[in-house]
Amino acid sequence: MNPGRFSLVRATLWNSLRSLKLTLVTLFLLAGGSVFGTLLPQNLPLSEYQQRLGPIVARIVEILQLHDMYHSWWFFGLLGLFAANLAACSLHRLPGVWTQITTPDLTPPANRLQNRPQYCTWQEHAAVDGVVQNFAHIIRGRFADVRRTEKDGVIWLFAQRQAWSRFGAYVTHVAILVILLGGVVGGICGFRGYVTIAEGQSVDHLILQTAQSARPLGFSVRCDQFSVDYYPGSDRPREFRSLLTVLENGREVPGQVRVPVRVNHPLHYRGMTFYQSDYGVDAYVFRFLVTPQSGGQSFDLVMSSDKTASLPDGTSVAIAGYVADFGGQGPAAGLEIFYPGGERGRAMAFHDPELISKDGGFPYAFRLMSIEERFYTGLQVNSDPGVPLVWLGCLLLVAGTLAAFYFSHQRLWVRLQQENGATRVFFAGHSHRHQEAFAKRFENLCHALQQGASKEQP
Amino acid sequence: MTSFNLLSGATSAYFLAFWLMVTYAATHREVLGRIGVGVTWFGFISHGAGIGLRWYESYQLPGGVGHAPFANFYESVVFFGWAIVLAFLLLDLRLRRRVLGVFVLPLVLVCMGWAQLSGRDAIEPLMPALRSRWLTYHVISCFLAYGAFAMSFCVSVMYLLKQPAHGDSRFARRWQGFLNLFPGRDILDDINYRAVAIGFPIWTVGIVTGAAWANYAWGRYWSWDPKETWSLIVWFIYAAFLHARLTRGWTGRATVWLAIGGFLATLFCYLGVNLLLTGLHSYGG
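Chains as they are written, first to last, in this note's numbering: chain A, 1 to 458; chain B, 1 to 285.
Hints are supplied without guarantee of correctness; some may be wrong.
Some, not all, of what chain A presents toward chain B, calculated at C-beta under 8 angstroms [said to hold, decoys possible]:
#1 F6
#2 L20
#3 T23
#4 L24
#5 L27
#6 H67
#7 W74
#8 L78
#9 S202
#10 D204
#11 V263
#12 C394
These are computed hints drawn from the structure, not numbers from a lab.
Please read all numbers here as calculations on a predicted model, not as lab measurements.
Ideal Cβ placement from N, Cα and C applies to all residues, glycine included.
Assemble the whole structure, with the sequences as input and the hints as a guide.
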């Protein structure tokens with residue numbers, strides 16, 4: 001390919017990349033594609049699609065990655081094209097807008113002035129020098145700072161307001177790029193996972209969501225307590241709360257002890273964020289009052305349903321089963337007994353002392369005092385270094401769209417020409433948005449200039 | 001006086017205002033239109049007071065269930081109606097074309113009627129994920145944008161209707177008289193653009209506050225939940241509308257159809273997602 005043709009191809013490519021047609025096409029494709037993803041259930045196993053839709057459609061789903069459409073190669077491709085289009089279009093247009101604002105045309109040719117949507121002309125009886133002072137004063141007071149220039153014996157005044165609003169569109173475009181960048185950074189450098197911690201326990205690794213593999217936290221987190229708070233007099237949960245403590249090398253980190261973590265109030269530590277997302281019952285904790293049958297001091301025994309407990313004489317017990325309320329007489333539990341010799345036996349434990357059998361061949365009598373639930377808390381653990389970028393982008397997005405649509409770049413030109421001892425005034429204005437509001441403003445200014453100038457007549 | 005009384009009062013006012021507007025459209029008597037707008041203002045104030053009172057009432061209930069009244073379907077549809085009336089009255093202050101009410105008020109009446117028929121006007125305690133001040137910011141910005149988009153839709157419909165009537169029958173003459181009450185097509189086109197231009201940044205705020213909230217509650221600012229996705233679809237459509245209009249100079253039918261498509265997507269985002277799809281936004285149940 002010769003150099004001429006190469007540059008032609010490059011120019012054509014660039015022109016289509018920056019074209020608004022491409023913007024509209026990508027916007028419609030993104031909208032249409034997104035619709036599709038909300039209609040087809042996402043993230044099911046491929047076999048599910050095969051069962052529901054048949055092998056051919058399932059194959060299409062697989063190739064186009066429609067089961068995870070928003071992360072498919074073609075959707076990423078569309079977003080990439082969208083980003084490239086935004087960048088190219090902004091780079092193409094920004095320099096022109098920049099020049100227009102920083103070095104405005106202070107002395108436009110007469111026909112350009114007359115063709116402005118807001119235009120009027122009249123004659124002042126005073127000389128140019130007298131008029132110009134008044135005009136500059138009025139415009140400064142009612143509109144904006146005035147720049148004065150002289151060209152070929154003609155005096156020009158120029159003023160502009162809210163010029164920055166012209167950048168709104170480009171700030172919006174940059175904002176979208178920053179948000180997309182934030183998404184990419186988060187996707188590459190971040191991870192998402194979860195931990196489940198039983199009350200009183202701690203963990204030092206999380207399970208990654210994508211790979212189902214473990215990843216060390218670099219510290220450990222203990223769950224001191226989990227509780228569900230209900231709205232009074234109803235069974236609707238009001239709040240799920242975990243009290244978490246962060247441990248570095250087994251030691252509690254000051255300021256990170258028994259931190260309440262609730263929905264909407266996560267815990268941040270070393271770049272990771274812990275969100276309350278799940279809970280459940282880990283085990284039941286049984287509290288017994290144990291009395292030796294041979295006589296002697298009673299003692300407390302606390303054991304959980306998933307462990308065995310040892311007694312002073314070498315036997316151990318485990319919970320075989322329980323009922324929360326035994327015929328209106330409080331909780332009851334069935335115990336499995338393991339004797340030192342290897343034999344097994346069973347015993348019952350009740351809350352009501354009347355029911356407790358004094359014999360039964362077992363050296364201890366158990367009175368069941370209470371059964372309590374021991375919870376585990378489920379926490380979503382994220383690290384997303386892209387989030388600050390995303391927030392920066394969101395801020396720019398809001399600022400950019402507001403600037404672009406709620407403000408307008410307004411410009412005024414005054415041309416003062418000597419005309420037989422009097423002054424001919426040409427006054428023109430332009431606003432890049434909200435023409436109607438600006439037209440009123442221009443009319444008022446026009447009146448103010450006409451009256452203001454004559455008032456100062458000697 | 002309870003919030004329910006105030007809201008019922010507002011519904012009756014809108015109903016009356018609608019028929020006043022229709023009579024105005026048929027008889028061209030300016031005074032009827034003026035009374036119609038006055039009655040709409042009355043309904044609007046009563047409506048707003050009703051929402052405010054409901055907010056206050058929720059804090060008076062035992063059990064600390066107090067919250068902004070944007071939590072279930074009843075509350076959301078009532079607020080949707082209020083946002084539409086707000087947009088209409090603001091537009092009327094600028095434009096003074098009462099006939100717009102013939103198109104706007106039915107939308108509002110559908111909202112209010114649906115709310116009352118749903119029968120779920122009890123103040124319900126919030127589930128833990130909704131207990132956040134982001135709820136207020138998020139919902140208010142989304143609904144103000146809904147109101148602006150609804151205006152865009154109404155003037156788009158008016159734009160399509162405003163064609164010279166053919167024939168010389170009595171009906172045709174009547175119809176032509178009705179159409180003469182409309183603003184000119186270029187004015188309708190301009191209002192359409194301005195409604196979208198006002199709504200679009202607010203909608204952007206709505207999406208951003210939603211993302212911020214999701215990040216606090218679930219640990220991800222964007223999860224392609226159907227509601228999120230549809231809000232983005234709406235954003236894409238109106239972005240296309242604004243670019244087509246401002247940069248490519250589209251006007252007339254093309255932008256009008258784009259605006260109608262945008263509002264249908266908005267409605268689907270608001271209602272369809274909850275009624276037909278599943279997701280994180282629970283008030284549709």
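Is the hint on A:D204 kept, meaning its closest Cβ partner in chain B is under 8 angstroms away?
violated (20 angstroms)
Double-check A:L24 for me: the hint is only fine if its C-beta lies closer than 8 angstroms to a C-beta in chain B.
For A:L24, the interface hint holds, since the closest Cβ of chain B sits about 5 angstroms away, which is under 8 angstroms.
Return the status of the interface hint for A:S202: holds when the least beta-carbon distance to chain B is below 8 angstroms, violated otherwise.
violated (21 angstroms)
For the hint on A:V263, does the least C-beta distance to chain B fall short of 8 angstroms?
A:V263 check passes; min Cβ-Cβ to chain B is 4 angstroms, inside 8 angstroms.
Take the shortest C-beta to C-beta distance between A:C394 and chain B; is it under 8 angstroms?
With a minimum Cβ separation of about 4 angstroms from chain B (threshold 8 angstroms), the hint on A:C394 holds.
Answer holds if the nearest beta-carbon of chain B is closer than 8 angstroms to that of A:T23; otherwise answer violated.
Given a least distance of 6 angstroms, the restraint on A:T23 holds.
Is the hint on A:L20 kept, meaning its closest Cβ partner in chain B is under 8 angstroms away?
With a minimum Cβ separation of about 5 angstroms from chain B (threshold 8 angstroms), the hint on A:L20 holds.
Does A:H67 hold up as a contact with chain B if the rule is Cβ-Cβ below 8 angstroms?
violated (13 angstroms)
So, A:F6 near chain B? Judge it on the closest CB pair being under 8 angstroms.
A:F6 check fails; min Cβ-Cβ to chain B is 30 angstroms, beyond 8 angstroms.
Answer holds if the nearest beta-carbon of chain B is closer than 8 angstroms to that of A:W74; otherwise answer violated.
violated (15 angstroms)
Using Cβ atoms only, decide whether A:L27 comes closer than 8 angstroms to chain B, and label the hint accordingly.
Holds, because the Cβ-Cβ distance from A:L27 to chain B comes to roughly 4 angstroms (cut-off 8 angstroms).
Do the numbers back the hint for A:L78, that is, is its least Cβ distance to chain B under 8 angstroms?
With Cβ-Cβ at 11 angstroms, over 8 angstroms, it is violated.
This entry does not satisfy hints 1, 6, 7, 8, 9, 10, going by the numbered hints stated previously.
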